[in-house]
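Spelled out from the first residue to the last, the chains are:
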Amino acid sequence: MTTSPFPVRFDEARQRAFEVARDVAGRGFHVVLVRDVLGRFSLVVDDTGKEGVDRLRDAWTVELTERLGRYRSDQPALLASEMFSADALLNSPRAVPDSGGPSGVGSVRFLDNTVVGEDWAKVSVPEPAPGGDRPYRVALYGFKGGVGRTTAMSVLARRLADEGHCVLVVDLDLESPGAGPLLMGKALPPHGIVDQLVEAVVGNADGLEVVERSSYLPQDRYGELWVAPARGRGSQDVPYSYVDKLNRVYADTAGASFADRLEQAVRACEDAVERHNDGVRRPDVVLLDSRAGIHDVAAIAISRLADLALLFGSSNEQTWQGYGDLFAAWQSTGQASRIRGKLRMVASMVPDSVHYPMEDYLDAFRRRAFECFSPLYDDVPGNPLGTTDATTEPAPFSQNVNEESEAHWAIPILFEPGLVGMDAANAPGWQDRAFVQAAYREFLDTVMERITEDLRNGPEGTS
Amino acid sequence: MPDTSQEAHFQSAAQRHFRDADFLRKDSRLPTADHLYGFAAECAVKSLLLRLTEVTMSSSKPHAPHPDDPDRIIEFGHINELIKDVAVLARGRTAGPLHSALDGDLRVFKKWHVKYRYFDGGYVKPEVVGERRDAAHRILSLHEYVVLNGRLP
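Going down the list, the protein sequences come from chains R and L.
The letter at position 84 of the first sequence is residue 84 when you use the numbering used here, and the numbering goes up by one with no holes.
The letter at position 30 of the second sequence is residue 30 when you use the numbering used here, and the numbering goes up by one with no holes.
Take the hints with a grain of salt, since some may be wrong.
[Stated by the list, open to error] Selected chain R positions facing chain L (in silico; Cβ < 8 Å):
#1 Asp36
#2 Leu38
#3 Asp46
#4 Thr48
#5 Leu79
#6 Met83
#7 Phe84
#8 Leu90
#9 Asn91
#10 Asn113
#11 Leu362
[Unchecked claim] Dumping the calculated SDA-like pairs for lysine to any residue here, alpha-carbon to alpha-carbon at most 20 Å:
#12 Lys115/L - Arg151/L
#13 Lys144/R - Arg281/R
#14 Lys342/R - Ser257/R
#15 Lys122/R - Lys26/L
#16 Lys122/R - Lys61/L
#17 Lys245/R - Ser257/R
#18 Lys26/L - Arg368/R
#19 Lys245/R - Gly203/R
#20 Lys61/L - Lys26/L
[Claimed, not checked] For the chain R half of the interface with chain L, some residues (derived, Cβ under 10 Å), not all of them:
#21 Val37
#22 Leu89
#23 Leu111
These aren't lab readings, by the way, just hints derived from the structure by calculation.
By construction, the Cβ of each residue, glycine as well, lies at the ideal position given by its N, Cα and C atoms.
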């Protein structure tokens with residue numbers, strides 16, 4: 001085999017490493033392909049019970065060295081019998097099966113290491129609270145900012161409260177907080193999510209006041225609307241060092257990753273509502289206002305914390321490219337069948353005029369969304385990459401662009417120029433204006449129907 | 001193409017010392033086995049320091065600027081000395097967690113000393129050698145994980 005005169009790049013190295021791994025597995029070996037945080041590959045071969053594999057190991061080392069260039073590790077081929085911790089690696093729960101691998105005796109599993117963002121590849125159902133049940137959680141996310149996500153969240157929160165739910169809004173947009181001021185104006189609690197994260201690390205979170213009940217009076221008198229802002233109002237005596245705290249919240253600490261700590265912080269807010277209600281009522285719906293972009297907070301909110309993730313976007317190439325990258329990552333890490341049932345697209349700022357009717361815009365939007373979602377729909381039924389137990393997988397999705405219940409079938413929010421640049425604190429009653437209600441009508445009706453149905457059917461662990 | 005970086009040398013030496021130590025221990029030649037378990041652990045720790053922290057090689061030893069005194073250099077020596085020297089680096093994204101991961105196993109070597117190779121060997125207790133073997137194995141396993149994954153567990 002000749003060495004390419006051109007350097008092997010990151011994407012190419014993955015393809016080549018898998019080709020070698022599948023070839024080795026085709027000889028009857030179980031292998032784990034490991035990619036380190038810099039993108040370099042090692043092939044770990046389980047040689048248990050086999051003789052004379054060291055000669056093959058040398059040949060595989062040469063092949064990987066030639067084919068991967070800078071993306072091979074110092075020891076590109078390793079035999080389990082010569083390692084100190086082979087069992088831990090060969091049995092690692094982080095390693096996902098390769099659906100393109102051989103179907104014979106051997107197998108390929110892929111163990112990937114990244115610096116951030118690993119939670120995109122860990123899709124799960126939210127954990128029940130220690131008491132047994134938990135609220136239904138909805139994440140609101142936009143790949144790009146400025147698409148009306150937080151405004152839609154505040155409208156949805158009031159509608160849920162109007163229908164008698166105890167609603168908690170948690171502002172996870174830590175780098176640019178918005179939900180707190182939008183819903184509460186200046187009537188924020190003393191502390192916010194960043195305080196919860198910082199104080200909990202040093203065991204000092206008891207006594208924090210991270211939630212505040214909105215003064216809004218829902219149409220249903222049993223409804224309640226609570227807010228946990230990212231930033232609290234602080235106190236008059238001590239300066240509130242938001243940036244100093246923010247710069248510390250993403251730490252992984254001993255025994256708890258940032259994802260664990262963020263989940264604990266959300267749960268602490270839910271517990272705080274229950275305490276305010278004298279222990280008799282927890283929130284039954286929690287809205288998580290996630291920050292935009294491919295960021296750890298979004299990964300955790302969508303993959304781990306939420307039962308439903310509303311994906312906001314307007315139709316432009318950067319939005320579709322961004323969602324396409326995200327969906328491809330879920331597909332390649334074997335999460336397609338787990339994540340797609342959680343997702344629902346929201347078409348924000350939809351135009352509706354004589355010259356450009358909403359129906360035409362939505363038709364084009366949904367077709368583009370369908371293309372974008374196709375990596376998630378095209379998963380191989382029963383044998384997706386990353387499936388450790390095929391019997392627990394949900395049934396494959398139908399692949400129909402006109403299927404109104406599927407993730408790509410975008411829910412519209414009409415473009416309303418009156419909302420652009422609105423200062424909510426100085427526009428009391430803005431949500432009651434007829435043009436606002438018209439813009440959000442279909443969004444609210446559709447999302448309410450989904451939440452009501454899910455609550456009735458009871459996603460795992462919900463109250 | 002063989003990797004001839006110093007961390008690769010430390011890696012290879014750690015594995016060699018450990019396997020030689022196991023060979024001797026099985027033959028009840030405990031004093032030299034104990035000596036080599038200490039070197040195996042030392043080499044693995046030095047490889048970890050070079051891979052994960054600001055430690056670099058001087059002409060003979062891994063070293064780093066002292067975080068609290070710019071006029072001082074920390075030079076990393078034998079395994080019993082590494083207990084306090086690694087603790088000095090315990091801050092930041094990686095060196096802090098590395099110290100946490102190593103500290104318990106480093107302490108097992110607190111009374112190990114390189115000069116014991118000049119003694120008659122009567123000081124050696126099998127259970128102590130066993131504890132040091134287990135600690136060295138854990139350190140080498142941690143090292144192996146870092147080499148493969150590029151980060152701490």
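So, going through the hints one by one against the coordinates:
The beta carbon of Asp36/R is positioned within 8 Å of a beta carbon in chain L (closest approach about 3 Å), and the interface hint is therefore held. Taking 8 Å as the C-beta contact cut-off toward chain L, the hint placing Leu38/R at the interface holds, the least distance being around 6 Å. For Asp46/R, the interface hint is violated, the least distance from its beta-carbon to any beta-carbon of chain L being 14 Å, above 8 Å. Taken as an interface hint, Thr48/R does not check out: its beta carbon lies about 17 Å from the nearest beta carbon of chain L, beyond 8 Å.
With 8 Å as the threshold, the beta carbon of Leu79/R stays out of range of chain L, its nearest partner Cβ sitting at about 13 Å, so the hint is violated. Annotation: interface hint on Met83/R holds; nearest CB of chain L at approximately 6 Å, less than 8 Å. Checking Phe84/R against chain L by beta carbon gives a least distance of about 4 Å; that is within 8 Å, so the hint holds. Interface restraint check for Leu90/R: the shortest CB-CB distance to chain L comes to about 12 Å, outside 8 Å, so the restraint is violated.
Interface restraint check: Asn91/R against chain L, minimum CB-CB distance 13 Å, threshold 8 Å, status violated. The interface hint given for Asn113/R is met, as the beta carbon of that residue sits about 5 Å from the closest beta carbon of chain L, less than 8 Å. With a least beta-carbon distance of about 45 Å to chain L, the hint placing Leu362/R at the interface is violated under the 8 Å criterion. Proposed proximity of Lys115/L and Arg151/L is contradicted: the alpha carbons are some 34 Å apart, above 20 Å.
Note on Lys144/R and Arg281/R: the hinted pairing is violated, with a Cα-Cα distance of about 36 Å set against a maximum of 20 Å. For the hint linking Lys342/R to Ser257/R, the alpha-carbon distance of about 23 Å lies beyond 20 Å, and the restraint is violated. Between Lys122/R and Lys26/L, the direct Cα distance comes to roughly 44 Å. Violation of the 20 Å bound is thereby established for this hinted pair. Pair hint Lys122/R plus Lys61/L does not hold up; C-alpha atoms about 42 Å apart against a cutoff of 20 Å.
A threshold of 20 Å between alpha carbons decides the hint, and for Lys245/R with Ser257/R the separation of about 17 Å falls inside it, so the pair holds. Only pairs whose Cα atoms come within 20 Å are accepted, and Lys26/L paired with Arg368/R is rejected, the gap being roughly 67 Å. Proximity of Lys245/R to Gly203/R is assessed by CA-CA distance (about 15 Å); at most 20 Å being required, the pair is judged to hold. As the CA atoms of Lys61/L and Lys26/L are separated by approximately 32 Å, the hinted pair breaks the 20 Å bound.
The interface hint given for Val37/R is met, as the beta carbon of that residue sits about 4 Å from the closest beta carbon of chain L, less than 10 Å. A least Cβ separation of about 7 Å between Leu89/R and chain L falls short of the 10 Å threshold, and the interface hint therefore holds. The restraint placing Leu111/R at the interface with chain L holds, with a minimum CB-CB distance near 8 Å, inside the 10 Å limit.
Comparing the model with each earlier hint shows violations of hints 3, 4, 5, 8, 9, 11, 12, 13, 14, 15, 16, 18, 20; every other hint is respected.
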